Each structure stands twice: as C-alpha cells, then as structure tokens.
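Could you build all of it, start to finish, from the sequences and the hints given here?
Residue-level listing of the chains:
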Amino acid sequence: MANTTARSFLQVAATEEAAPPLRVVQIEGLVILKIIKHCQEFSPALVTGQLLGLDVGSVLEVTNCFPFPIREEDEEVEAEGANYQLEMMRCLREVNVDNNTVGWYQSTLFGSFQTVELIETFMNYQENIRRCVCIVYDPSRSNQGVLALKALKLSDSFMDLYKNNNFTGEKLREKNLSWVDIFEEIPIKVSNSALISAFMTELETDTPVRQCDYERLQLSTNPFLERNVEFLIECMDDLSMEQQKFQFYYRNLSRQQAQQQAWLQKRRTENMARKAAGEEPLPEEDPSNPVFKPIPEPSRLDSFLITNQISNYCNQINGVAGQSFSRLYLMKALHDEK
Amino acid sequence: MASRFWTQGESDTEEESSDYDEQEEGPLETTAVAGGSKYLQTEASDSDDSDGQKRVVRSAKDKRFEEMASTVEQMKNAMKINDWVSLQENFDKINKQLEKVMRVTESDRVPNLYIKSLVMLEDFLNQALANKEAKKKMSSSNAKALNSMKQKLKKNNKQYEDLINKYREKPDLFEEKDEDEQEEDEEDDEGGSDLDDEDLLNRESEESEDEEEMEKEAAESGSGWEKMLSKKDKLMDKQFKDPSQITWETVNKKFKEIVAARGRKGTGRIELVEQLTFLTRVAKTPAQKLEILFSVVSAQFDVNPSLSGHMPINVWKQCVHNMLAILDILTKYPNIVVDDMVEPDENETQKGADFDGTIRIWGNLVAFLERIDVEFFKSLQIIDPHTREYVERLRDEPMFLVLAQNVQEYLEGVGNYKGASKVALKRVELIYYKPQEVYDAMRKLAEQSAGGERETESGDETKVVEESRGPPAFVVTPELVPRKPTFPENGRALMDILVSLIYKYGDERTKARAMLCDIYNHAIFDEFSISRDLLLMSHLQDSIQHMDISTQILFNRAMAQLGLCAFRMGLTAEGHSCLAELYSAGRVKELLAQGVSQSRYHEKSPEQERLERRRQMPYHMHINLELLEAVHLICAMLLEVPNMAANSHDAKRKVISKTFRRLLEVSERQTFTGPPETVRDHVMAATRALRQGDFGRAFEVIKSLDVWRLLRDKDNVLEMLKAKIKEEALRTYLFTYSSSYNSLSLDHLAKLFDLSDSQTHSIVSKMIINEELHASWDQPTGCIVFHAVEHSRLQALAFQLTEKLTILAETNERAIESRIGGGGLDGLPLRRKDGQDYAAAAASGAGGRWQDFSFSQGRLGSSGGRTGYGGGRSSASGQASGGNFSRDRTGQLRSGGYQNSRYQDGPGRMFQSGSSVRGNQMDTSTRMVNLNRGVRA
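Protein chains in written order, with the numbering used here: chain A, 2 to 339; chain B, 42 to 978.
Be aware that a few hints might be false.
What the hints assert, rightly or not - DSBU-like mimics (lysine-lysine), calculated; alpha carbons at most 30 Å apart, straight line:
1) B:K459 to B:K630
2) B:K207 to B:K196
3) B:K699 to A:K246
4) B:K744 to B:K807
5) B:K845 to A:K246
6) A:K35 to A:K164
7) B:K695 to A:K246
8) B:K297 to B:K373
9) B:K207 to B:K297
Derived by calculation from the structure, the hints in this document are not laboratory data.
This structure is a prediction, so every number in the text was calculated from the model and none was measured.
Okay, here's the thing in structure tokens:
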C-alpha cells in the first residue's frame, strides 16, 4: 500500500499501457461503511450504487460511492436513473471528489447474485471502463457477524465468448472455460488514512468482546440453512430444466442424424442406379435440404451460472455448518464445565 | 385426322359413334388440331348441306327445318370434337334460324327439334363443366367460348324452360310428335342424342318399330317399374325378348359391353346396376350368373362415388340380397370356386351346371362383405341419430349379421379360415358393445323382422316376376342360405365363439381388434378381472401406438369401458388409472371419436377434419361422456383428497391426478360458488365437503348427479360409493387432524363416520401398516395413540433436495450412458458431442467440487485468512486481537464461500490428488476427471 501511494500519477499514466492484471481492490473504510449502510437499510430489497475511484496499475482504488434510487421496471424511470447518475457525478465533480467510475456495488440475498443480468451489466460497464469491479454485499450474511463483502469481475476469456454469444460445447472446450472461470474474485484491501486508524484505536473500548462477536456466537442457524436449501432446490429444478433442454436437443440431433443417414443412403443408391444408367451422379451434399439444417445448440451459459450458484450455496452451507458445529462443541464444553 | 372429320360429317352410323367414344376417352386434342378442325368441320358440313339439298325441291317450311337440322348436325359434330368456338357460332346460327322458322310456320310453338338441341347442348355443357381436367387442358379461345356459351345458354334456356323440362320428362312424347312432323330428322336425332346407347344396339334397323311398340306398351301398362327404366333398358328387354334366342354368347357379350361401359363418362351408375340386374335373370349358367352378380355388387358399390357420402339404403339392401344370392349359388354348386388371385379363363363361365370340375370365378367375398359393413357404418355416421331414420337404419343390422354369418359359414366350409376370421371380426364389431339387454332386443328384432321380411321378400319376388314380364330367370337358385339369423341366447357366448375363431386364424390386426372388442365386452359384463388380464396378457398397451387409428380408437374405448367397469366393481384406483390417460389432454371426445373437439391453439386443416369426421363412432356406440367424466373425477377425488391431506406441507410433491388438481384450483379461485350444475361442479362440491370430513354432504352431492341412471345396478354402485366416501373421509380426517390428538378412541371415530368398529379398525390399521399414520393401537382402551414424529422444515427440505439430486444424477447417468454406449470413452470419435462434456463437467462439478472443499478446507482457510482481512493491517489488527479463533473462522468462511481465480491452482491440484486417492474405484469416473482436468489445464 505504501508503494502504491508513493507512485505519482505520472508514473501511473506511463505504466498503464502495459495494463497489468488487476490484483487488488483497495477500498476506503468510509466507502465500505456507506455501502453497508445503504444495503442494510434497504434489506431485503436489493439496491445498487456507483463506485468512484481510480485505476492505478494493478490496484483499483475505490475512494467514494453514491447510492442509486431503487429502480422500478419502467422506461421513464430508467432514463431518470441515468440522469440521476450524470447529475450526481457533476455535483461531485464540483465539490472536487473523485468522479471516475470504477464499477458498482449491489446487495444480494444469500449470495444469489450470479445471474445473466449481472453479466449484462458488467458488459455494459466494460464498454466504457476497461477495468471495473462489482462489489457484492450480503446483508443476511452480515447478521452472523461476518463482513460479507466481495469484489468480482468477469474473466477475460469469458468476456470474449460472451461478446460472440457463443456458448456451445465446442467453443467452451476450445477456450478451456469451465463454470468456475466465469467470475474472478479480487481480494479486497481496506485502506484508511493514518489519522483515522489512530482515531479508531483511541475509540476502542477495553472489553475484548464486541457486538460482532456476540453475533457470531448465535446458535440459531436453522433459518439460514433452510433458505439455502430452498435456494438449492430451486437451482436443482433449474438445472433439471437445462438438462431437459439438452436431452431434447440430443434427441433431435440423433433423429436428424438418422434422417441424414437415411437420405444419404437413398442418394447413394440413387447414384448407383444413375451410374448404372450412365447418368451424372447427383451431389451428396444438398444444403437446401431441411434435413441438413443444423439444429441450434442450447446455450451453456445458464447451466454455468446455475452451477456457480449451486457451488456458492454449497459453500455457504458448508461454512455455516462447520461453524455451527464448533459453536455447539463450545457450548457443550461450557455446559460440562458448569 | 382429316379423313376422320370428313367421315364424321357425312355418316351417322355406328362407326361414328364409336369414333366419338374414342375421342371421349382419348386425350384432348391440342389447340392446333382443334383450330384446324373448326375449318374442316365447317367445310364438311357445307358440303354435307349441299349434298343433302341437291335436286330436291321442298317447301319453304321444309327448307327452314332442313337448315335447322343441318345446324344441329353441325353442333353435334362440334360437340364430338369438343370445339366450343364453332359450337358457339352454330348456336347463334340456330337462334337466327329459329326466328325464321317461327316466321314461316307462323306459330308461337317452338319446334321440338330446337328444344331437343337445347337439351342436348345443356347436357353437353354440364358434362364439359364437370370435367375440370379437360377444361384445364382446353385452349384459351376454346375455354373462352365455353364460358360465353355457358352464359348464353343459360339466358336462352330460360325462355324455354317449361318446354325443356317437359322434354326431359318425356322425351318420347316429343319424339313421336317429331316423327310425325319430320321423320328424317327424327332418325338423325335419335342416332345422335343417344350416342351412348348406340353401341348397345345390335339391330338398329328393327329399332324404330320396336321402340314404337314398346312405347305403346309402356303407355298401356303404365307400371311404375317400367317408367323408371330408361330407354336403353327397354332396348335390352327387346333384345332379349325372345328367350329362345338367348345364348351364353349373347349374354356374355352383353355383359362384357356393360362392364366395359362402367366408369366411363356418361354411363349412369344406377342404370348400369339395372342393366346388370337384368342380365342376372337371363344368365345361362350358374357360373355366369355368379359372375354377373359379382359385377352387380361392385356396380352397386359404385353408385355412391364420394368417400364421405354413404350408399343409398335401398341400394345397400339390394346389395345384401345380391350377396345372399351369390351365396345361394355357391352353396348349390360347390364346384364353383371364388378366387381373386387368378385371372379366370375367358369361357370359364360357359361351363354349365352339370360341369364336374371346378369353375373359377373372380371375386372376393370378404372384401365385398367388408365394403358392405363400411357402407352400413358410414350411413350410421351420417344419419342424424335423433331421427326415426336412424332407428330404421339400425334395424338393418340383423340383415348384415345374417349375411356375415352365412359368408363366414361358407368360408369355413371352403376352408378359407383367414377370410372367415375377418368376417367373424366384422360380426364381433357389431356385437361387442352391446350389453345383454341390447343384445336380447336385437335378437328379438331379428326374429321378428326375419319373419316379416320373409313375407315382404316373397312379395317382392312375386312382384319382380310380374314386372319382369320378360323371361323368367334361367338359372333359378333356391334360397339355400338361411335368411334368418341364429343368435345364441347369450351375447357373451356368441363373442366367445367368434373370438376364439379369430384368435386361431386371424392376422395380427384382426386379432388385436378382436382382443380389444373382447376386453370391451367383458368390461360391459362386469368381468373386470378377466378383461384386465386379457389386456395385460396381450401387451396391447405397448404396441397400440403403432396400430392404425381406428384400432387406437377401439383401444381407447376399451380402456374407457374398463375404467367404468372397475368403478362399478368399487376399484377406484384401477378405474382412475384406466381413465386418467384419456382425460390428461382434455381431448376425450377426439380420443373416443365421439365428436370433433375444437382445439384452441392450432387450426385443423379441412383435410384433417374430414379424416376425423370419417372416424367418428355412430351414435348408438357412444360411451356416455358425462358418466365417464363423473366416474373419472370421483375416482380422482377418492384418491386425491386423502393424498392432499397427507402431504399438506408440500402440495406439489405427490400428485395423483393432475387434471383433478387443476380443476380444484380453478374452483377454489372462484369467489362465489353457486349450486353445482355440471358434473365437475358436483364433484368439486363433493370434494370440498370431503376435505372437511363431511362425508354425508359429499355423498348427497354426488348422488344428485343424474348420470347414475345410466348405470345398470345403480343402487349397488351408489352403496359402494357411499362406503368408499366414508372410508376416504375417515382417512382424510386422520391425516389432517392426527397431529392435534394424543389419542383417539375407536368408538368415537366409528360414530363420527358412521362406520362399524371393525371397519374403522381395519382402515386405521392399514394406515398404520403403510406408515401413513404414526400411531399404534392401545388395545385395552380401544384407542389410537399417536406418536408425534414431525419432520422439521429443514428435514423436509433436505428430503426434497435429495430427491431432486437423485433425479438429476439419474438423468446425468443416462446422458453418459447414451454417450458412452458400450464402447467407452476412448472409442468416441474426435468430434465429441457436448453431452458427454456437459455430463462430465456436471459430474465433476457435483462430485469433484465437494471433494475439493473437504480436502482443501484447512489449507485454504489459512491462506484465505492471510489474504483476507489479515492483510489489511490497521483495521484488522483490532479484530485479530479479538482472538485467533475468530480470525480463522472468517478466513475459512471466505475461502469456502468464494471461488477465487487465484486459488484455482489449489483446488486443481487438490482435486487431482483426490482423484488419485480414489484410485480405481470407478474407472469411468476417473476418466471423466481426467478429461475435465485436460480441459482445464
């Protein structure tokens, strides 16, 4: 951190051409607090906001943010939202705050954020900003005494594929892309100025236990687990749907292939007959024949996203279950001691 | 070519008419020829004119008539070559001439010649218009002329409408008058206008005299039969007037001629039949009579040309009689063999009755019989079932059954068991749907009508003898074959006889249909277990999709009847499973072919609709749809209500009847439920009552349905239904409220549901055994003690999840299997299909990932901790001071929760080791892992 701040803007501008991969997202403590406040207040509604900051080498600095008003499904309101954003940026510029967009943040519920919409938004942002991140905050997880914050970006190879909208099995193999490779998570670094840090230490109480820790000791995990399992069930349904799509596709494909074979067979015998009769053989390829029209392969994107989602839920359950066990053992030990 | 036209102009003989026939048959002339012929034509007629007029001095009146006649002649010639342009010219000409004639004769009476020509023209025009194909082929000028001719003629004919009609009614009248007036013309006309008949005339010279005679006779006798006959029949009568002159050859020749005329344009179908019928009377040998009779029958089939219409009923009856006559001959002369395989000798039929060897006649009794059946079926389809006509028509059924029985007996006698089995199937198909009552009624009717028919028939015969006036039939065949059907007492017995014959000799389709009829019949007779066993043993359910549609309909009918039977027996589950499929798509009408159902989503083409209409069942064979629906819904209700109560926490989990659920949803959505009207409303009202345990009301509502009167033993069925409803009400009650009780006394339950103690005991015990109810009996106190074992929500969800996962895994496995087949992965071609990949990815995603975490948790935990909060020195330090414990937790959680690209290598490696640890546990799985690894590396 010390290194990065020491570099001058000029240096940064000079090195930027090499475009080193994004390594760290560095967020101001204030920004985090603002994000948390916004998301927490509106929970369980999902909210979004804009991230402002600087792109410095392999570090993306997030120095400020502002919330968006809750969107409604309406054309006018959407246009208003864009106006709001521009207006806000202008105002911020006037008071000399960083007004360079570096991404956006959004709240989520139980980590169910891996959707096509998210990817679309990413692509929109990516058009204008070369490097952008999405910070996802999960208020429900935070209730358990965890700072559920993560920074995401789309992997480059995925973006290439998405631009061509080509999610057939063939292409995915070529690119060596599997479902884990859609999103990349970037480590978050929280930075505060030295003064603030000093002030915080000053403020610190003497008790070693804080609110956060109490929350972590809560024994009730059922609602969380239930929700997660419910989501998992939904995902399974979706995945089954995808599977059915594929089955359907394969059935069609095999049927078509059988038809093609039959047609070819017929053509060949016909050609044999023609040859015997001394006529020109007919071509074996007939593009106009509907039998040879390729059947569109269903996109893999959905199943990839669902798989991601599933792994997400599984991890959550795994983590929570592990912690719960620890807590239960702790409680037991305490109980026994008494 | 030219010479032909020349001759045409001049001669008016047989040759010409045959010429005409040729042209009719042959392809139409090209434009060039047509155009050329026009000139030739006029020239020809010109010369003709001059020829005829040469050196003859006539009166002005005669002359006018002469002119007109020659124009008519030209018109005829034009007709022969289909030349509408010249026809049109001539038509104009004749109209002008008409004016002149009128002036000369100074009368307002239009000459008959003119009317005749008009009629002729009209007929020809209609004929030309009807022949669409030929119209298409016409040259443009010709077609134009045809069209303008059509209009002109229409306008013109209006003036003379009365006269034309009169002429059409009584052509002879006109002719006689004509003859008086203009003898020469008449002859010409005769020859021309009856072109078709001309080839029938062998002795033209005698004709006119004969005809006059005949006409007089006809006028004298005035019998209806005579009037019906057209002129050619009269001619025929004449020809064969003298019995001594008739030989086998003449009859044969005549027969050949008539048969050749069949199907030709302008040959009246009914006339053909009449001619042939006449010939049967004069046939010389039995074989010949047989041959002619066969032609009569097939000609009768031709009477109705369209597929959709049915044969006129009187023709149908005649047809049946003819068939019986055929059978008479066949039984009398066993040496005559009917065969449709070999082309018989030309003179095979010449062999007389005393000929010893076998005589082969072409014909197919089974096909004829099937055709007669089809016509009968069609007529029933088309006749409005609510009219008397329909009932009358139904009365003809025994007649057909007699015929079928006789044919079958004959075929069996001959040894053609295959044919016999086909005929037996036809009989089965007429009987299978009849319950005993209907069967008895039919039997009675058959006995009565057979007696009655005998009288009318004999009356008919005497009439025929009287009317025919001509020679009595040469070959008199006594009625050997019984005209009276013999039915066994019991419909079932008849079915058994027929069906066993079919099973023995029939082909696949015949057997399948017979089996279905058998099943249906057993179901009607309340023999559920027999018909179910038949259905299951025959494995028809597996193969029915590959059968023809009418068999599929029969299958559906059998299933519906089986369901009804199961319900009557009180087997609701079986009944439901029989009927559920019929109702699943909401196209019961279509499936049972009892009406065309309108689909909202895709329009049927008229072609499809016509096909569907042709498949419809006649009304008397219908299965009552309301009853069927009531039975289906009640079965569904009895199954579904306790089921819903049992799975109250997730309603979607186990659905027995989707149709019922949907209906219930719809009815629950209604804000206001009025008194029930339809069958559905009734059942829904009953369902609502039953869900609350109010069995009394439920039963009352169901009982108020008026479809029950269609059931034979209505009281028993309702009694059964009541018991069932009580039972299900008890079960529903227990499912719903068991959690609210600690214990329940048996007495109380029995009283509550008006059941006996033992019944209640058995129902509850059954539920306990099936683990539907977590309870046990406390014998001394007579109580049910409930054990509260409620799944928590999480547990229930977990169950659900495992179910889903199993399904997913299964489909995955299937996908892999279909990919791998027997060959294994190595054998796959380079262009691997994605299913395998997909499956592999999913499999490794499901299995492998899990392992990842279990393996890598610890290590990742620490690294996550380091890069995570711990990295942020300042603020995290506070947290770190909170204790190692908490820090570790967060780290672990994070690493567990987030998939980071930087950790990619970690899991990958771990994974690898994981798979190697697993080693050779599963060959395929490791291979999949490798594949996956290859993709990712």
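Compare the distance between the alpha carbons of B:K695 and A:K246 with 30 Å, and conclude whether the hinted pair is satisfied. It holds: about 24 Å lies between the C-alpha atoms, which stays within 30 Å.
Is the straight-line distance between the alpha-carbon of B:K297 and that of B:K373 30 Å or less? Holds, at about 25 Å.
Keeping to a limit of 30 Å between CA atoms, is the pair of B:K207 and B:K196 held or broken? 18 Å, holds
Is B:K459 within 30 Å of B:K630, Cα to Cα? Since the Cα atoms of B:K459 and B:K630 sit roughly 34 Å apart, the hinted pair is violated (cutoff 30 Å).
Please verify whether B:K744 and B:K807 have alpha carbons no more than 30 Å apart. 28 Å, holds
Keeping to a limit of 30 Å between CA atoms, is the pair of B:K699 and A:K246 held or broken? 23 Å, holds
Below or equal to 30 Å on CA atoms is what counts here, so check B:K845 against A:K246. At roughly 17 Å apart (the allowed maximum being 30 Å), A:K246 and B:K845 satisfy the hint.
Taken at face value, is the distance from the CA of B:K297 to the CA of B:K207 at most 30 Å? Answer violated: B:K207 to B:K297 is near 35 Å, above 30 Å.
Is the hinted pair A:K35 and A:K164 satisfied, with a Cα-Cα distance of at most 30 Å? Measuring from Cα to Cα gives roughly 34 Å; hence the hint is violated.
Checked against the numbered hints given earlier, the structure breaks hints 1, 6 and 9 and satisfies all the rest.
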